[in-house]
Amino acid sequence: MSHKIYLYGTIGYEIDAEFIRLALDSAEEDIELRINSGGGDVFEGQAIYSLLESWKSTTGGNVIVYIDGLAASVASVIAMAGSEIRMSSNALMMIHNPWTPSATGGSNDLRDLANVLDKIRDTIVTVYETKSGMDRDTISLMMDEETWFSAEEAVNFGFADQIVNASEEPVASVKAFNYINAPDWVCQSASVVQSTIEPPAIKRSIAKARLAANRCCNKTTKN
46 MSHKIYLYGT
56 IGYEIDAEFI
66 RLALDSAEED
76 IELRINSGGG
86 DVFEGQAIYS
96 LLESWKSTTG
106 GNVIVYIDGL
116 AASVASVIAM
126 AGSEIRMSSN
136 ALMMIHNPWT
146 PSATGGSNDL
156 RDLANVLDKI
166 RDTIVTVYET
176 KSGMDRDTIS
186 LMMDEETWFS
196 AEEAVNFGFA
206 DQIVNASEEP
216 VASVKAFNYI
226 NAPDWVCQSA
236 SVVQSTIEPP
246 AIKRSIAKAR
256 LAANRCCNKT
266 TKN
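So for the sequence shown, the working numbering puts the first residue at 46; every next one is plus one.
Worth flagging that the hints you see were computed from the coordinates, not collected in a lab.
There may be inaccurate statements among the hints.
Claimed, not checked - DEER-style ranges, computed between Cβ atoms: (1) 229 with 206: 24 to 32 Å; (2) 128 with 71: 32 to 40 Å; (3) 154 with 95: 35 to 43 Å; (4) 129 with 181: 36 to 44 Å; (5) 229 with 134: 30 to 38 Å; (6) 107 with 203: 29 to 37 Å; (7) 49 with 135: 18 to 26 Å; (8) 164 with 74: 32 to 40 Å.
Stated by the list, open to error - Straight-line alpha carbon distances no greater than 27 Å define the calculated BS3-like cross-link-like pairs of lysine-lysine that follow: (9) 101 with 176; (10) 176 with 164; (11) 101 with 164; (12) 164 with 49; (13) 101 with 49.
Where a beta carbon is used, it is the ideal one built from N, C-alpha and C, also for glycine.
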């Protein structure tokens, strides 16, 4: 038996780290994590990844990840927490550099934001490197180019472990993300995957989260 958790929808909006924390707290057996997401808030996604890693280390349990339709952007980072990653034969995975949908402020503010994004990028490269065994330069190039993997390609590159039967789930919508290399059939898809839970209210905007990280990582305190 396993405890199922569905990560369907946009990270940080339709599903967040607090939901995952509560789900893990109530889990008494291995976790079956089902993913179908176009991505979302990178900070919220990193928190979910850390929660899953912490749960594995403290309980000794396994997290079996199933990519039912799509694991794009930070959803692919979350998938890397799997003790085993199983992709439906018709599923996709995408990796790319973290980015902000909008930015405001002066030149110094924007430089600080770029520094934060570079630091986030390094942590993501480490996650992919740990799972795939590929070298950092190759992973970085793939992220630069916004690389989309079929299930077979994901397994060949070490980002997934096993291909399973095709899923009947429609691929999660990526219309809100403006990805540059997304397959045409994904971009044209009108389906919007609904979360199986009541969508939690977002606790903070992406801009506020990045501002908090910016202050933490780049600002010195003046006496």
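Which hint numbers doesn't this structure obey?
-> 2, 3, 4, 5, 6 and 12
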